[in-house]
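Chains as they are written, first to last, in this note's numbering: chain A, 1 to 163; chain B, 1 to 163.
The set of hints was computed from the structure by calculation and includes no laboratory data.
Since we're looking at a predicted model, the values are computed, not measured.
Treat the hints with caution; some may be incorrect.
Since copy identity is lost for identical chains, a pair holds within one copy or between any two.
[As the list claims (entries may be wrong)] Straight-line Cα separation of at most 27 Å, DSS-like style, residue types lysine-lysine; simulated pairs:
{"no.": "1", "residue 1": "103", "residue 2": "122"}
{"no.": "2", "residue 1": "20", "residue 2": "84"}
{"no.": "3", "residue 1": "75", "residue 2": "64"}
{"no.": "4", "residue 1": "122", "residue 2": "84"}
There are 2 protein chains.
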Amino acid sequence: MADEVLFDFLHMEMVSHVYKEQRPSKGELDSKDRATCVSILEGMGFRVGQGLIERMTRDSPSFKDELDMMKFICKDFWTQVFRKQIDNLRTNHQGTYVLQDNKFALLTQLSNGKQYLEEAPKYLAYSCGLVRGALSNLGLESVVTAEVSLMPSCKFQVVIQKL
Amino acid sequence: MADEVLFDFLHMEMVSHVYKEQRPSKGELDSKDRATCVSILEGMGFRVGQGLIERMTRDSPSFKDELDMMKFICKDFWTQVFRKQIDNLRTNHQGTYVLQDNKFALLTQLSNGKQYLEEAPKYLAYSCGLVRGALSNLGLESVVTAEVSLMPSCKFQVVIQKL
């Protein structure tokens, strides 16, 4: 029970800390400050994602193809981290994937009123990093972004970078 | 499996981030910088500890006395957070408690060579905060410190502040 929320709580503290340390003594964060925060959180997620996937795939057979890896992320990886699977995976079969989570764990603590929509991105950066780190360890370089249109549902877009 | 290490990994990233941000452009951290880092991490732990214990004790009957609360921390709380119980609890019956964990989860990732002993304190600050936060929510103000003499075993000393 507490186990479930330990990660969520720590994540919220971390987001709040990273945003606080960037804030100038008075006043609001400008867009450059925000970008710095997002980048710090994304970087943390990246390294954690690498570590997690390494453990999770230690005894797994290798993957058939890119889609097979994405399915692993949507099912096994997501369940380990967020306690549920991705609800919907779509792809254009050209390296772009959209992962939809209808009840994203790190947003459920926020009210789903519209006024919090603009707060949502800061709770997504770390998770984008997690996915990018995991894929990177599987040999796929990617760009991962997220968007929220109706809380607590969330879409992650993964674009694989072809070498 | 990954579930177990998700918290540990995030914790390590957080420690590394907090220490990095305090470091001057070149050179070592001085003792003032170190104290700032410890205090940041302790504060994060404090707030997470408050949140966790609130959930965990929601449906519990109230506690008989101070010792009863400490036992709850050693058994239920510790198991939720660190996946094992405290191995040994000692008290002078005057408000001082020593909690010994012979294999502390957040130290097992470090080599147990002597050369890492001085690195250990930064991995303990957050956990001291967790305990202080949990006790605070149970109505006990305390000072919590930790020491390591032989890795990965660790002693937490809790001194209850009488009003």
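Here is what the structure says about each hint:
For a Cα distance limit of 27 Å, the shortest separation of residue 103 from residue 122 inside one copy, 17 Å, qualifies, whereas the shortest one across copies, 35 Å, does not. For the identical chains of this complex, residue 20 and residue 84 are neighbours neither inside a copy (31 Å) nor across copies (33 Å), given an alpha-carbon limit of 27 Å. Only within a single protomer do residue 75 and residue 64 lie at most 27 Å apart by alpha-carbon distance; the minimum there is 16 Å, versus 45 Å between protomers. In this homomeric assembly, residue 122 and residue 84 come within 27 Å of each other (Cα to Cα) only inside a single copy, at 21 Å, whereas the closest approach across copies is 33 Å.
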